[in-house]
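S.K.: Starting from the structure of chain A, add chains F and W where the hints point.
Protein chains in written order, with this note's numbering: chain A, 251 to 687; chain F, 212 to 549; chain W, 4 to 406.
None of these hints come from the bench; they were simulated from the model. Virtual Cβ for every residue (Gly too), placed ideally from N, Cα, C. Check each hint, because a few of them may be wrong.
No more than 30 Å apart at the CA atoms, straight line, and that leaves these computed lysine-lysine pairs for DSBU-like [to be verified]:
#, chain 1, residue 1, chain 2, residue 2
1, A, K473, A, K454
2, F, K415, F, K329
3, W, K183, W, K167
4, W, K183, A, K473
5, W, K167, A, K454
What follows is a list of derived Cβ distance ranges for each label pair [as the list claims (entries may be wrong)]:
#, chain 1, residue 1, chain 2, residue 2, range
6, F, L527, W, Q335, 57 to 63 Å
7, A, C624, W, G199, 38 to 44 Å
8, A, C624, F, L303, 36 to 42 Å
9, F, G297, A, D595, 27 to 33 Å
10, W, R368, F, R439, 34 to 40 Å
11, F, I307, W, D239, 45 to 51 Å
12, F, V398, A, T582, 26 to 32 Å
13, W, L366, F, L416, 56 to 62 Å
14, W, L366, F, S289, 45 to 51 Å
15, A, P479, W, L221, 54 to 60 Å
16, W, F189, A, P479, 17 to 23 Å
17, A, S404, W, F197, 51 to 57 Å
18, W, L366, F, I307, 44 to 50 Å
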Amino acid sequence: MQILRRPWLLILALAVVLLIAAVACEDEEEEAAETPTGETPVVGVTPGPGVTDTEIKLGHTNDLAGSGGTPYGIITLALQAYLNKVNDEDGGVCGRNITLIAEDDQYAPDLALEKTRKLVEQDEVLAIVGALGTAAHLGAVDYLNDPNDDGDTSDGIPDLFVSTGFTGWANVATWPWTFGYIPDYNSDGQVLTTYINENFPGQKVGILYQNDPFGEDYLNSVKENLADPALLVAEQTYEPGAPDLSAQIINIQSAGAEVVVLGAVPTGSAAAIIAANALGYSPQWLVSYVNAHTSLAATIGGGTEPEQLGQGFALIDGTIAINYQLDAVGDTDDPAMVEHARIMDTYGGPGLSTLSVYGAHLGETIVEALSGACDNLTREGLLQSVESIQDFTPSLFLPDIAVSFSPTDHRAIETFQPIRMEADGTLTDVGDMISLE
Amino acid sequence: MEGLGQVSATLSLPATFLAAAPPWQDPELFFSLLMAGLATGSIYGLVALGIVLIYRSTDVLNFAQGEMALFVTFVGWSLVLALGAGGANYWLIFFILLVLAGAMGAFVERTVIRPVEKAPVLNAVIVTLGLFVIFRGLTAFIWAQGELPKGFPATPLGSHLEPVSAWFNHDLWGFARITQHQFVVIVITAAVMVALYLLFSHTKLGLAMRATAQNPLASRLMGINVGRMLMLGWALATMVGAVGGILVAPILSLDLVTMLRVILFAFAAAVLGGLDSPPGAIVGGVIIGVVQNLASTYSFGPVFFGPELSLPFALLVLGLMLLIRPTGIFGRRAVRRV
Amino acid sequence: MLGIDWFWTVILMAVAASGAVRYLPILPERWRVPASVAVMLAFICWMPFTIGTFDTSLLTKAAAWTIVAIGLNILTGYNGQISLGHGAFVLIGAYTAAILTDSKEHLSFIDQAAWPFWAATIMGGLVAAAAGLAVGIPALRLSGPYLAVATLGLVLALPSVLTKYDGFTGGRLGIRRVPKPPVPGFLEDWAQAFGGDLSRDQWFFFLALFAAVAMTALAFYIVRSRWGRAFVAVRDSEVAAAAVGMNVARTKVTAFTISAFYAGIAGAIFLFTFQGSISPETIGIILSITFFTAIVIGGLGSIMGAIIGGFVVVFLPDLATDAATSIFGEQQGKQLWPTVYGIVLIGVIILMPHGVAGFLHRLARLRPAQVADAARGLPAALRSRLGQTLERLSWGGKDTGRP
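Just chain A, with the same shape it has in the complex (with noise of 0.2 Å):
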């Protein structure tokens, strides 16, 4: 017959029928290995999806590779060594293992939506933590609140901590379940013009800010907050990654603008700065709290030799910001410090950075949240845990900064202290702490 004249597609046909049944025969025992979650009651109540008696699993979403162009990968790491720590030496959390599952969503909105789609519907999380990426996250809140889109948002699942300074993460109305974690830019704006007003009063106001969501949270909130809206006589702004910001400065200089807030990013604010300084321009600074001093003043002097650090904090002396988190390059005698230095060096975490320092806090967070639902170890009751914590200091935040959350309000931190950064390095704290109540 005809198949019997070509033997090797004949070979070929029951190799792929060979090959498929060895698969689906293996597949099988895989899945009847699988323990479904949650089948072992727990005295109490009955544990929600992810949890079993040895481990609670967590979804996390993140541009983990780079890829999108963003650094935050390495929080992710610091995450995971901190929550190995946590496992290892402090029996983990509720007698139980923390098992964080991070998926790559390459900062794109559609692959944060089927990551997270992922981490709730085939891993079985118990919630979704630190998200990181806005414009990825926007993708994915939605269904995090009301997974089955009709309208009832009792069903949906905890989207706690997510780390990017989007002031919507906050609105209860629309996303119960939706938590905010680092100060969101509105409000770190507002603190500022709130800084201003006190402390420039009558003075001439510019702003620059970065060409993106980030940096118009700046620009709306100091015109909203501003006394005397008269006074903002310059708004400029940038393209993410230009090279030269001379054009901005010289029009906000021509303006008179004596205070200057910078909306920007640490490449945009060391480029204004630099251009201003070239130009014999020298403002009153208020910067976003992304700019680490000491990162800022490495990028203005142009690498970390005691020099070029020299040369940038003499540039952005006197600038003023807010501060939450403990510096990884100023504060390396705090024992906080020492500790978090420890836990990377031992878990596998990264070198220390700012974003090392997010991480490891965030774990800290999570813990504290994790903590408060031990005996209610569903989504609900997460979501209880974190609506009650008040006055939680993670140790490598600043001492005086606290994590509040309540039913109403999903935005942790209310209350900050500004800051003025001087010319040899170090920070100082400048007058009241300011509140957002």
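M.R.: Frame of chain A; chains F and W shown alone:
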């Protein structure tokens, strides 16, 4: 309703934006914007030059140009950390980086570009996109473990903090308001241009490279080692790109996306100037740099796009230029052979 | 090595079954192609009921991206014009559909009542097609790399424009909570008659599948029609086409318009069946370039290639991650996967210059005699290849390659 209102607002006189005084009223402002644009444009031009060199020699658009330059610059950062950046050390590191870049470029050409030379032309695009992903991934993996962005020192020739006027103690009508480093960038770009011109038109090697680009078959028949010329072309282009990266790093500091915006404008510059014209690349870069600066400051009568539209505006300018001259300002007219 | 789970098992079965029907002498010649298509479709229809909800949503997205790939293939594969910026048309289609179905006051400036989703989808395609027309005309002046960079500029500039004119578009946040099409009554009844029910995810998948099949059928028709032949003629030689009296300009612009229509439809489908919201950043430059990569890897000038390309877009990153984690371990792997991804891309395109579809095509045409010959000649070929390589590597050797 609201949307239509916004569109018409763009086309009318701006209300809240500071519209600067026109050049004849404030020449210093104009000149300082011009010089700053020249400096930025030089950087775009350098990177564009690398793109043009590769396109001229191998007919490939190297989308990975920026990431390769960034990779080399990050290596430089590690070297600076190890050796320090004082005077002689800086130039030593500079030299090492050039050699590394050249070797990388030659290696890439030989291993992954050569096999797709004879294949459909779009395959080479895929290869460079693959290279883009690889280099970006490696850069993130190796150097994103610590603090980003990382600072990078300027050349010993000029500080990137002090303005040029510090050299002369005089403002020179706004010409001297750019930083010394920005001035150094302009000078080095010009030097690179001159060096390449001398190479291509006054040396046998340059002649061989030009011949290979024009007609590989005839060149081979004349005894030119075509393969080696191709590798050399890529090596040269990667070196030029590395210089661009080293010069831009003190300004933008080293981050994963440092070269991304630069490369986009560099592509625009290369296309604007003509993809087979090295001087065109520099000219295109300068045009883009200067126009961007001027357009976000001045309003021309009823039209003021505002700084938020500076990117689309620049691309619109590019589009219009291409309509007028489809192969760029200095590009050779495409001759269609039947 | 790679985690082959149930999802991939089913796909393998589908491919094997339809491949067997197509190439094995089981059925008479005439029936083979339609039968293999039917078998494949049967498997695909079965899948949502056996794989999980998440995997179903993945397939839904793949279906939407396949539509983009087919349209882009018509432009680039059949008509030879490079577009790196097709993401812009996808975005335009999605935005149009979102605006038309959104019932918020300030957005539905056309009609207070929201449009039904299928009308919004078609309108999305039409608006995108109009944009394609607007871009296709100036594109006549450009070719090759110049066209590539110009289209890249398009997808770069669009988000800024969308953000600025937020009266139409909802600005930075875009349009959220777009009403997704509900499961139609008759389908629910039908499913219940079979003893099961139809979940929303499954319904979305079938909707996307229907759109993909419809657009694929349309593409087959276009490609075999006068227009299709005109596209190819213009690609192969504009001068010759003009010489025989074809309107080259009209042909090229039509190709652009049609491919933009496909992208617009895909954008609307993606919106309604998967994402549920749209913002200026949803379709970025990376995704736009990836569409282009997908069709080249899949195989230009072949509809099968475009379908493979659509799958590549969705699944290759995950496969690369799996490979990376099994080689380098969990933590390092998740960080190194882009490198693996890039190597795979380069490897595939070097080994298969005509894409996966092209490679399979040649594979199917292999005759056993050829295979046997090649097998016998392998040792000799390897030896000579090795010799050549060694010779080239020695720096002093003269270049003796072929012209």
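S.K.: For every hint, state whether the structure bears it out.
M.R.: Quick rundown of the hints versus the structure:
no. : hint                             : result
1   : K473(A) with K454(A)             : 13 Å, holds
2   : K415(F) with K329(F)             : 27 Å, holds
3   : K183(W) with K167(W)             : 26 Å, holds
4   : K183(W) with K473(A)             : 37 Å, violated
5   : K167(W) with K454(A)             : 27 Å, holds
6   : L527(F) with Q335(W): 57 to 63 Å : 44 Å, violated
7   : C624(A) with G199(W): 38 to 44 Å : 39 Å, holds
8   : C624(A) with L303(F): 36 to 42 Å : 60 Å, violated
9   : G297(F) with D595(A): 27 to 33 Å : 31 Å, holds
10  : R368(W) with R439(F): 34 to 40 Å : 38 Å, holds
11  : I307(F) with D239(W): 45 to 51 Å : 49 Å, holds
12  : V398(F) with T582(A): 26 to 32 Å : 41 Å, violated
13  : L366(W) with L416(F): 56 to 62 Å : 45 Å, violated
14  : L366(W) with S289(F): 45 to 51 Å : 46 Å, holds
15  : P479(A) with L221(W): 54 to 60 Å : 56 Å, holds
16  : F189(W) with P479(A): 17 to 23 Å : 59 Å, violated
17  : S404(A) with F197(W): 51 to 57 Å : 31 Å, violated
18  : L366(W) with I307(F): 44 to 50 Å : 47 Å, holds
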